[in-house]
Amino acid sequence: MSSAFRAVQWNRTKVVYDGILLAGVTLYIGGYLILAHWLDPPKDLPAAIDLRIRAFGSCAFFMLTIILSIGPVARLDRRFLPVLYNRRHFGVLTFLVALVHASFMVEWYAVQNALPSLYDELTKFSDYGKFIGFPFKALGIVTLLILFLMAATSHDYWLVFLTPSVWKRLHMALYAAYGLVVMHVALGVMQNDRNPFIPAMLASGFALVTLLHLVAGWRERAGDRAGARRSEGWLAVGPPLSIPDKGARIVTPPRGERIAVFRDGTQIGALSNLCAHQNGPIGEGRIIDGCVTCPWHGYQYRLADGCAPPPFTEKLVTYRVRIAHGVVEVDPRPLPPGTPATVRYE
Amino acid sequence: MTRSQRSVHRLLWPLLAFAVVLGFAMALTLRPPPNAELLPAAQDLIP
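Keeping their order, the protein sequence lines are chains A and B. Residue numbers for the first sequence follow this note's numbering, so the first one is 1 and each next one is one higher. Residue numbers for the second sequence follow this note's numbering, so the first one is 1 and each next one is one higher.
Quick caveat, the hints were computed from the structure, so don't treat them as lab data. Even glycine gets a Cβ: it sits at the ideal position worked out from N, Cα and C. Be aware that a few hints might be false.
[Said to hold, decoys possible] Beta-carbon label-pair distances, calculated as ranges:
1. B/Pro34 / A/Lys137: 20 to 26 Å
2. A/Ile141 / B/Ser4: 47 to 53 Å
3. A/Phe197 / B/Leu12: 38 to 44 Å
4. A/Pro244 / B/Leu15: 35 to 41 Å
5. B/Leu12 / A/Leu22: 29 to 35 Å
6. A/Pro337 / B/Thr29: 51 to 57 Å
7. A/Lys137 / B/Val8: 45 to 51 Å
8. A/Val327 / B/Thr29: 58 to 64 Å
9. B/Pro14 / A/Arg12: 39 to 45 Å
10. A/Gly129 / B/Leu15: 21 to 27 Å
11. B/Pro14 / A/Asp40: 24 to 30 Å
[Claimed, not checked] Which bits of chain A does chain B cover? Going by a derived footprint, with three or more residues having C-beta under 8 Å, they are:
12. 164-172
13. 191-204
Let's have the full structure, built from the sequences with the hints guiding it.
Below you can see the structure in the form of structure tokens.
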């Protein structure tokens, strides 16, 4: 979290994360080029550039596949949450790898003095009506623009400026980018190269990402079913001890967002399940150092009033809580962010 | 994620999967046979 603008706030976890990322990319691209040169040395400069195009392009595809798998995998298994922590740097690096892929493609034309052919290929509008023969490079360019937009708006400045909800919707364009990448390869290199690895790579990558998103979405659907209603519209949570100590139970009102009901010893309080940072699932976090801590990026809030501890200024919506006949109940009508609303039980 | 984002998400993925699977299958089945570009040249050799 930040109380003032900083370009990037580094910490040891981020440095290690980025170090592993860079090492992985270097190993993949280096290994690809060394192996390809060893198995079938390129005969001329364009062939050597073509190898680099394939190395960086396939690397970007694998990176995009991993990025899109992180979200659903972390929802299905909490052990993957640390991978989610610095996913934005992963995305920015993917954009840079894709940019190098595109620049080698331009170089491939340039070394053969054939840049006008590239221009003709992209501006022969009759080809846009074909399926086989569609200017597949246009799909790659659109994907690169989407990745640029994602990378350019990845900083928390844009997250605050656009609001988490709009920012998240904008970043869902990455799903479309992934579909475009699959078609970019399917209508491009797959049309001329009979290497079975190419369709296998596309099909397995896309199937994995789709399956993970569908399974995670199906599991989330169960959580969107409204909880049991009590008198005056209050929602039943359960006996106090059914809420794990320093943890939460999540209840869902008939309409509206999920509510995270936390217990810290004998204190019980209810907060919005949406973190003020990126709408992360607060209720899946824990109370650490006396503060409710979001499992995604570690943003913290006081249980008593939903306010981030000073000097931070984020505030969460809170909800009234009561204990009736030994059952914790929560009023689904939200209170203004930062309103104290906890109760104690004996 | 908000409730509406989850709804969009649940609607989007099946649609995207359908479109991409259809496009990929068409691209795979309609691609020209290997060495198709050599065929006209080969025809020239036929007496």
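Hints, verified against the model:
The hint said 20 to 26 Å for the Cβ distance between B/Pro34 and A/Lys137, and at roughly 22 Å that hint holds. Remark: the range hint 47 to 53 Å for A/Ile141 to B/Ser4 is contradicted by a beta-carbon distance near 31 Å. At about 29 Å, the beta-carbon gap between A/Phe197 and B/Leu12 misses the expected band of 38 to 44 Å. Between A/Pro244 and B/Leu15 the beta carbon distance is about 38 Å. The supplied range of 35 to 41 Å therefore holds.
The hinted range of 29 to 35 Å is satisfied by B/Leu12 and A/Leu22, whose Cβ atoms lie roughly 32 Å apart. Between A/Pro337 and B/Thr29 the beta carbon distance is about 55 Å. The supplied range of 51 to 57 Å therefore holds. Checked against the hint of 45 to 51 Å, the C-beta distance between A/Lys137 and B/Val8 comes to roughly 30 Å, which is inconsistent with it. Separation of A/Val327 from B/Thr29 is about 60 Å and conforms to the stated range, judged on CB atoms against 58 to 64 Å.
Between B/Pro14 and A/Arg12 the Cβ separation comes to about 41 Å, which falls inside the hinted range of 39 to 45 Å. One distance hint, 21 to 27 Å for the beta-carbon pair A/Gly129 and B/Leu15, holds here, with the actual separation near 23 Å. At roughly 41 Å, the beta carbons of B/Pro14 and A/Asp40 sit outside the given window of 24 to 30 Å. For the region 164-172 of chain A, the stated coverage by chain B is satisfied: 4 residues place a CB nearer than 8 Å to a CB of that chain, which reaches the threshold of 3.
Proximity of the region 191-204 of chain A to chain B, defined as three or more residues with a beta carbon under 8 Å from a beta carbon of that chain, is established by the 5 residues found.
Checked against the numbered hints above, the structure breaks hints 2, 3, 7, 11 and satisfies the rest.
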